[in-house]
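Participant: All chains should be built: construct the whole structure from the sequences, respecting the hints.
Each chain is listed here by its residues.
2 protein chains.
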Amino acid sequence: MTKGFTVWLTGLSGAGKSTIAQALAQELRERECPVEVLDGDEVRENLSKGLGFSREDRDTNIRRISYVASLLAKHGVAVVTAAISPYAAARAEARERIGEFVEVYVRCSIPELVRRDVKGLYKLAIAGEITNFTGISDPYEEPEHPEVIVDSERETAEQSVSAIIEALEIRGLVPALSGVLS
Amino acid sequence: MTKGFTVWLTGLSGAGKSTIAQALAQELRERECPVEVLDGDEVRENLSKGLGFSREDRDTNIRRISYVASLLAKHGVAVVTAAISPYAAARAEARERIGEFVEVYVRCSIPELVRRDVKGLYKLAIAGEITNFTGISDPYEEPEHPEVIVDSERETAEQSVSAIIEALEIRGLVPALSGVLS
Numbered sequence: 001m002t003k004g005f006t007v008w009l010t011g012l013s014g015a016g017k018s019t020i021a022q023a024l025a026q027e028l029r030e031r032e033c034p035v036e037v038l039d040g041d042e043v044r045e046n047l048s049k050g051l052g053f054s055r056e057d058r059d060t061n062i063r064r065i066s067y068v069a070s071l072l073a074k075h076g077v078a079v080v081t082a083a084i085s086p087y088a089a090a091r092a093e094a095r096e097r098i099g100e101f102v103e104v105y106v107r108c109s110i111p112e113l114v115r116r117d118v119k120g121l122y123k124l125a126i127a128g129e130i131t132n133f134t135g136i137s138d139p140y141e142e143p144e145h146p147e148v149i150v151d152s153e154r155e156t157a158e159q160s161v162s163a164i165i166e167a168l169e170i171r172g173l174v175p176a177l178s179g180v181l182s
Numbered sequence: 183m184t185k186g187f188t189v190w191l192t193g194l195s196g197a198g199k200s201t202i203a204q205a206l207a208q209e210l211r212e213r214e215c216p217v218e219v220l221d222g223d224e225v226r227e228n229l230s231k232g233l234g235f236s237r238e239d240r241d242t243n244i245r246r247i248s249y250v251a252s253l254l255a256k257h258g259v260a261v262v263t264a265a266i267s268p269y270a271a272a273r274a275e276a277r278e279r280i281g282e283f284v285e286v287y288v289r290c291s292i293p294e295l296v297r298r299d300v301k302g303l304y305k306l307a308i309a310g311e312i313t314n315f316t317g318i319s320d321p322y323e324e325p326e327h328p329e330v331i332v333d334s335e336r337e338t339a340e341q342s343v344s345a346i347i348e349a350l351e352i353r354g355l356v357p358a359l360s361g362v363l364s
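Those sequence lines, one after another, are chains A and B.
Take the first sequence: its position 105, counting from 1, is numbered 105 in this note's numbering, and each next residue is one higher.
Take the second sequence: its position 55, counting from 1, is numbered 237 in this note's numbering, and each next residue is one higher.
Among the hints, erroneous ones may be present.
In silico EDC-like cross-links for lysine to aspartate or glutamate, where the CA-CA straight-line distance does not exceed 16 Å [unchecked claim]:
no.: 1; chain 1: B; residue 1: 231; chain 2: A; residue 2: 57
no.: 2; chain 1: B; residue 1: 256; chain 2: A; residue 2: 57
no.: 3; chain 1: B; residue 1: 185; chain 2: B; residue 2: 299
no.: 4; chain 1: A; residue 1: 74; chain 2: B; residue 2: 218
no.: 5; chain 1: A; residue 1: 49; chain 2: B; residue 2: 238
Here are the in silico distance ranges between beta carbons for each label pair [said to hold, decoys possible]:
no.: 6; chain 1: B; residue 1: 279; chain 2: A; residue 2: 22; range: 37 to 47 Å
no.: 7; chain 1: B; residue 1: 233; chain 2: A; residue 2: 95; range: 19 to 29 Å
no.: 8; chain 1: A; residue 1: 92; chain 2: B; residue 2: 208; range: 27 to 37 Å
Covered stretches of chain B, going by a simulated chain A footprint (3 or more residues, C-beta under 8 Å) [unchecked claim]:
no.: 9; region: 216 to 228
no.: 10; region: 235 to 243
no.: 11; region: 312 to 319
No lab work stands behind these hints: they were computed from the structure.
Glycine residues also receive a C-beta, built at the ideal position from the N, C-alpha and C atoms.
Facilitator: In structure tokens:
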């Protein structure tokens with residue numbers, strides 16, 4: 001059995017967490033790691049329906065993700081989570097619980113996110129039509145010492161995935177891609 | 183990787199689900215299956231804090247357990263759940279979601295449960311001091327076609343575990359205990 005671990009993506013809405021999570025999962029599968037992506041929206045549907053976006057509810061949501069991640073990682077699964085997880089204390093608690101924890105800050109500036117605004121949410125948040133919107137009307141505490149920082153404003157998802165894989169290789173958590181040397 | 187599956191224990195409070203779950207998990211570990219027990223109380227703490235015991239809240243709790251069980255089973259884990267799960271429809275939904283699903287009805291009569299009353303809950307429920315108490319003031323829908331029925335009134339936990347293991351062996355879900363034939 002391979003050793004389980006969790007790659008914990010954190011960052012603002014629209015920064016590219018889900019895209020990077022899916023591309024990373026694909027890359028890990030190619031290295032024959034069993035993989036599970038716990039995406040924020042899917043997890044809210046399955047584990048946290050009814051919770052809102054107060055600090056307390058966000059913390060509860062993050063605790064549930066970390067509980068499930070810890071169970072999967074314990075059984076050898078490479079878990080990739082993609083939730084905003086804005087509070088440093090909640091991320092620290094997840095790190096504590098999970099053990100092999102690789103925190104990845106998916107960085108993107110607010111002006112760029114407002115420019116992209118793929119789902120139209122920033123416009124609504126700025127207009128005050130969505131409350132508790134991280135980065136606009138709710139805090140985002142940047143990670144102080146994440147294992148990896150990727151910048152979706154300056155690099156492609158592919159480059160971000162490479163940086164994360166490199167961090168996993170350094171920690172001995174994933175094998176090098178077979179065939180590369182042949 | 184072994185094939186994952188879920189043994190879904192259902193039955194009244196105090197019928198012996200947790201005891202059987204732990205003994206079954208031990209037996210499965212001896213057969214080198216990776217095992218995870220999702221016990222009702224622990225799951226409520228980790229996934230469903232704040233939920234009560236209305237039908238809706240119970241259904242939500244069961245959906246969360248089945249979501250986590252399905253993720254673990256997908257990665258080869260033998261999952262044992264121990265939640266009252268009183269509603270047939272919710273159990274059917276769990277069966278649908280999980281795939282390899284072995285429903286075990288842990289049967290025990292109400293008079294015997296009232297006599298045991300290990301946690302003193304039946305006394306309180308009968309006195310009306312606990313509402314929505316399954317079997318007293320809330321329904322329990324007996325499984326109509328469970329894969330296994332065990333009877334904690336007439337058999338030991340060891341005998342119950344043997345019956346469950348036999349059902350798993352018949353389905354090719356667990357290997358026979360090595361050494362038995364040597």
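Participant: Against each hint, give a clear statement of whether it holds in the structure.
Facilitator: These are the hints, each one checked on the structure:
no., hint, verdict
1, B/231 x A/57, "11 Å, holds"
2, B/256 x A/57, "29 Å, violated"
3, B/185 x B/299, "38 Å, violated"
4, A/74 x B/218, "10 Å, holds"
5, A/49 x B/238, "12 Å, holds"
6, B/279 x A/22: 37 to 47 Å, "22 Å, violated"
7, B/233 x A/95: 19 to 29 Å, "27 Å, holds"
8, A/92 x B/208: 27 to 37 Å, "34 Å, holds"
9, 216 to 228, "holds (count 3)"
10, 235 to 243, "violated (count 1)"
11, 312 to 319, "violated (count 0)"
When each numbered hint is compared with the structure, violations occur for hints 2, 3, 6, 10 and 11.
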